[in-house]
Structures are given as structure tokens and as C-alpha cells.
Amino acid sequence: MSLEPGVHLMQGDEAVVEGAIIAGCRFFAGYPITPATEIAERMSYRLPQVGGIFIQMEDELGSILAVIGASWGGRKSMTATSGPGFSLMQEGLGYAIITETPLVLVNVQRGGPSTGLVTLPSQGDVMQARWGSHGDYASIVLAPSSVQEVFDLTIKAFNLSETYRNPVIILADEVIAHVREPVKVPPLEEIEVVERKKPDVPPEQYIPYLPKKPGEWVTPMPAFGDGYNVLVESVMHDEFGHRIGTDHAAANRTIRRLWYKIEKNVDKISMYEEYMLDDAEVAVISYGSSARTSLRAVREARKLGIKAGMLKLITLWPFYDKKVQEVASQVKAIVVPEMNMGKMVREVERASKGMAEVMSLTKVGGLLHHPDEVLAAIKRVAR
Amino acid sequence: MYMKPGVGVKDIIVSDKLCKGCYLCIWACPWDVFEISKERNWRGVKKPVAVRLDQCRRCRLCEFYCPDFAIQVIIDEEEEKMLKEVEEKYEKPWLPRVEERDRIVKEGVWWLED
Ligand code: SF4
Ligand code: SF4
Numbered sequence: 001m002s003l004e005p006g007v008h009l010m011q012g013d014e015a016v017v018e019g020a021i022i023a024g025c026r027f028f029a030g031y032p033i034t035p036a037t038e039i040a041e042r043m044s045y046r047l048p049q050v051g052g053i054f055i056q057m058e059d060e061l062g063s064i065l066a067v068i069g070a071s072w073g074g075r076k077s078m079t080a081t082s083g084p085g086f087s088l089m090q091e092g093l094g095y096a097i098i099t100e101t102p103l104v105l106v107n108v109q110r111g112g113p114s115t116g117l118v119t120l121p122s123q124g125d126v127m128q129a130r131w132g133s134h135g136d137y138a139s140i141v142l143a144p145s146s147v148q149e150v151f152d153l154t155i156k157a158f159n160l161s162e163t164y165r166n167p168v169i170i171l172a173d174e175v176i177a178h179v180r181e182p183v184k185v186p187p188l189e190e191i192e193v194v195e196r197k198k199p200d201v202p203p204e205q206y207i208p209y210l211p212k213k214p215g216e217w218v219t220p221m222p223a224f225g226d227g228y229n230v231l232v233e234s235v236m237h238d239e240f241g242h243r244i245g246t247d248h249a250a251a252n253r254t255i256r257r258l259w260y261k262i263e264k265n266v267d268k269i270s271m272y273e274e275y276m277l278d279d280a281e282v283a284v285i286s287y288g289s290s291a292r293t294s295l296r297a298v299r300e301a302r303k304l305g306i307k308a309g310m311l312k313l314i315t316l317w318p319f320y321d322k323k324v325q326e327v328a329s330q331v332k333a334i335v336v337p338e339m340n341m342g343k344m345v346r347e348v349e350r351a352s353k354g355m356a357e358v359m360s361l362t363k364v365g366g367l368l369h370h371p372d373e374v375l376a377a378i379k380r381v382a383r
Numbered sequence: 384m385y386m387k388p389g390v391g392v393k394d395i396i397v398s399d400k401l402c403k404g405c406y407l408c409i410w411a412c413p414w415d416v417f418e419i420s421k422e423r424n425w426r427g428v429k430k431p432v433a434v435r436l437d438q439c440r441r442c443r444l445c446e447f448y449c450p451d452f453a454i455q456v457i458i459d460e461e462e463e464k465m466l467k468e469v470e471e472k473y474e475k476p477w478l479p480r481v482e483e484r485d486r487i488v489k490e491g492v493w494w495l496e497d
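In order, the protein sequence lines correspond to chains A and B.
Numbering-wise (my numbering), the first sequence opens with residue 1 and increments by one.
Numbering-wise (my numbering), the second sequence opens with residue 384 and increments by one.
None of the hints are false.
Listed next, the in silico DSSO-like pairs over lysine-lysine satisfying Cα-Cα at most 30 Å (straight line):
#1 B:K489 to B:K403
#2 B:K489 to A:K197
#3 A:K379 to A:K323
#4 A:K303 to A:K323
#5 A:K264 to B:K489
#6 B:K489 to A:K213
#7 A:K353 to A:K323
#8 B:K393 to B:K403
#9 B:K489 to A:K212
#10 A:K268 to B:K489
#11 B:K403 to B:K421
#12 A:K261 to A:K322
#13 B:K489 to A:K261
#14 A:K198 to A:K261
#15 B:K393 to B:K464
#16 B:K489 to B:K429
#17 A:K212 to A:K264
#18 B:K489 to A:K198
#19 B:K467 to B:K403
#20 A:K264 to A:K323
#21 A:K307 to A:K323
For the record, the hints were derived by calculation from the structure and aren't laboratory data.
These numbers were taken from a predicted model, which means no experiment stands behind them.
Can you build the whole structure from these sequences, using the hints too?
Next comes the structure, spelled out in C-alpha cells:
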């Protein structure tokens with residue numbers, strides 16, 4: 001049974017599980033890792049209750065590949081990990097991208113590099129989530145900043161991954177994963193769930209990687225055993241799924257479609273929230289748990305008479321240039337607090353094209369920004 | 384043993400099905416017998432072609448170096464006939480499918496124009 005509608009007190013990690021089950025996830029393969037362990041733990045007893053399968057794999061390399069296999073078996077599938085496991089999963093992630101396999105990967109970020117700060121939060125993986133696997137591809141990456149958002153975005157992640165046949169990464173962090181907050185679960189019929197499209201043509205006519213008409217970026221996906229002969233393979237393929245190790249024209253077509261199907265749909269994929277931006281002179285652009293303390297700082301600034309506002313990025317990738325540009329053209333300065341050495345700030349700088357002064361507010365070592373630090377930064381640029 | 388160039392070599396056949404275009408044969412040949420074909424075959428490979436067959440000394444280094452058993456130096460007429468038949472048999476049923484594939488791709492790919 002999926003969760004009853006109503007209000008539940010949950011951890012972020014638990015909300016991932018409940019959201020996934022409502023979205024139709026019926027397979028989980030993973031390896032427990034702090035701070036994502038509770039996801040695997042709860043999955044291990046929740047999935048069997050709803051007719052799903054849970055496997056604890058030997059490592060993260062196996063985990064992501066098992067998820068890819070299960071997805072091609074026709075089930076909505078996911079895995080969850082943290083930094084070190086996320087690094088191991090990069091190769092498998094590339095495999096999912098070139099085979100256009102829908103799956104959801106939750107990375108509960110902790111401090112790195114390497115084993116790093118096992119129990120402390122970080123936002124250090126934002127670039128890895130976009131560019132971590134080799135080659136050219138596009139990613140969908142979502143960053144929740146409350147337990148409610150974890151729940152909602154997990155469902156959304158499954159929907160996006162089915163719509164675009166691409167892995168979707170949820171970048172949570174230790175704070176969001178372990179904080180307990182009320183989560184409002186709406187009646188099931190009010191929740192939008194996208195089901196996988198199966199081919200509607202007989203196997204002889206099915207062309208695995210040639211979308212039927214302009215605007216349809218992906219093809220319907222059969223499962224193993226449905227009778228469709230699709231070669232699911234990591235070597236570059238043409239529209240027919242044939243290996244084309246040396247055909248540069250076909251490779252060009254395939255790589256471009258993998259990129260465009262996400263980047264050209266940025267308007268549809270991007271989610272953000274605005275706070276008091278209408279008349280703002282200073283904007284804070286933040287995401288994930290940094291956005292929580294930033295919002296407090298923005299409210300404090302307003303009390304002091306500083307016209308501050310905030311743009312919270314929910315979709316980190318594809319990066320929504322248009323919105324950031326709009327904000328930059330409207331304000332004097334932008335502050336970007338993030339729990340890393342300044343990563344998304346590069347994107348903000350690029351997108352704002354010099355229209356506003358951009359200030360990076362870094363924080364490493366495993367602590368959230370204190371609202372006072374963000375406030376001090378706002379005061380500094382407001383002068 | 385010195386061999387007269389070109390004597391006794393009927394042909395050098397490179398298999399469409401097996402050659403992957405690594406050109407180890409070209410590198411191995413001491414007599415510069417091969418050129419790279421301008422055309423791609425149906426597998427997308429520009430195969431080596433023995434354009435200077437008259438220089439070939441039948442040393443078979445090209446054969447030994449090919450990791451995919453794709454190249455054969457043919458000395459015997461019987462052998463030549465047999466091999467050419469095998470190659471043709473393999474290729475024939477493919478060609479119409481390759482042409483059909485190219486047509487479908489040409490008509491169906493829309494995402495390259497901006
Ligand atoms: S060595 Fe063999 S595979 Fe390589 S190019 Fe020559 S014939 Fe082809
Ligand atoms: S048999 Fe020897 S000489 Fe003849 S093509 Fe092969 S490598 Fe060159």
C-alpha cells in the first residue's frame with residue numbers, strides 16, 4: 001500500500017521512498033551508505049509490501065547496472081547513494097544515457113573529496129551530477145530543499161525520466177535527508193504519474209531510436225521479452241540501434257538528439273521559486289538546504305529595509321539561463337550561497353552576462369550557512 | 384628466399400564482414416601494397432585495398448597481423464573462387480536493407496536543423 005493521504009512526519013530519506021512508491025517504483029538496487037542508508041533500509045521492507053523487489057548489491061557499480069536492467073525489464077527503478085557511491089556510478093550513468101534508460105538516482109550529498117565527511121552535508125556534487133560521466137550528454141538534476149519537496153520531486157523525477165528516457169538525479173544533502181518535517185500527501189488521484197510508453201507498432205516496424213515526428217524527442221520503449229529486437233548496448237548506435245563504431249554522421253545525429261532532448265526542453269523541465277523578487281535590488285540565488293537559511297536572511301534584510309529577494313533553483317540542470325538572466329537584468333547584485341567552493345555561481349555568472357555583480361558565498365566543512373552570514377553578504381553588496 | 388614481386392598472387396581479399404579498419408595490415412606490409420579506400424562499406428569502414436598488387440611478395444605479414452582474420456592473400460585459384468563467393472553471399476542480402484535504412488534515416492531525422 002502506498003502512503004495514506006494526509007500529513008505524515010518523515011525524514012527526507014523516508015520521503016524519497018514513499019514518493020517513489022507512489023510514482024510506481026517497484027525495483028531498488030543499492031548499497032547502503034551514510035547519509036542515504038535510510039532510503040535502502042525503508043525500501044527493503046516497503047517494496048515487498050507493494051509487490052516490488054529490493055536487492056542489496058555488492059557495490060554501487062552493480063547497483064546502477066541492476067537498475068538499468070530492471071528498467072529494461074519494464075519496471076520503474078531507482079537507486080540511492082552518496083558521494084563515493086555516486087562516483088562509482090558515473091560509468092553506469094553514461095550507460096543509461098546512451099541506452100536511454102529511465103531511472104532515478106538519489107545522491108544524498110556529503111562532504112568530500114573521497115570518503116570525506118561521512119555524516120555532514122555538502123553541495124559539492126552539483127557539477128559532477130551534470131558532467132560526471134564522460135562524453136557529451138545532458139542531465140536532469142533536481143535539488144529539494146525541504147522534506148515535502150523531496151517527496152514531490154521524487155515523483156516528478158520518475159515522471160521526467162519516463163518522459164525523456166533519461167536518468168534523473170535528485171541531489172539531496174545530509175540536512176534534507178535526516179531532518180524530520182511534516183509531509184502532506186495529497187489524494188492519490190490528484191498526483192500526476194507518467195507511465196512508460198510502449199511501442200504501438202509491430203516489432204518489424206519498430207525503429208528503436210528514431211522519434212516519429214518533430215517535437216517527439218524519444219521513442220516508446222519496449223521491455224525485454226515484449227518481442228522487440230532492440231540492441232541495448234553502450235557502443236554508439238544509429239537510429240536502428242546498430243553499433244556504428246566509426247560512422248561519424250550517425251554518431252553526430254545520436255549525440256545531438258541525446259543533448260537536445262533535454263536542453264531544448266529546458267522551459268518544460270525547469271522549476272524554480274521566487275521570493276520577493278518583484279522590486280528586489282539584491283537577489284540571492286540558491287538551492288537545496290542552502291536556500292533554507294538564505295530565505296531567512298532575505299526576510300531579515302527586508303526588515304532592515306534592504307530590497308532583497310530570492311530565486312530558489314529547484315531544477316539545477318538543465319540550467320535555466322533565461323530566468324537567471326531576467327533576475328540579473330533587474331537587480332544590482334546577486335549573492336550565491338552554496339555549500340561548496342563556488343560551483344553554480346559560475347553558471348549564474350555566465351547567464352547574467354555582467355548585468356549584475358555576482359558574489360559567491362562559499363561554505364565547506366559540513367556546516368550550513370548561518371542566516372547572519374548570508375545577511376552580511378546581502379548588506380555588503382547592497383551598499 | 385627472394386620472391387619476385389607480384390608473381391603468383393591472385394588477389395588480396397579484405398572481408399566486409401570482419402575488417403574493422405585498424406590498418407595494422409597497412410602498417411605491417413613492407414612493400415606498401417595497400418591504400419585506404421575512399422568509400423565506406425556498409426559497416427561504415429574504409430577498408431584497405433591492395434592497389435599495388437604487383438609489389439606483393441607473398442610474405443603474408445598482413446594476414447598474420449590482422450587481429451580479426453579479415454585479410455587473405457590468395458595464391459590458389461580454387462581458394463580465390465571460394466572466398467569471393469562467400470563474401471558475395473554475405474553481402475547480397477544486406478545491401479537492400481542498408482539502402483532502406485539510409486532512406487528511412489534521411490526522411491526521418493529532423494533534429495539537426497536549427
Ligand atoms: S589488419 Fe585486418 S582489420 Fe585491420 S585494416 Fe587490415 S584487414 Fe582490416
Ligand atoms: S603478403 Fe606481404 S607483401 Fe603482400 S600485401 Fe601482405 S604484407 Fe604486403
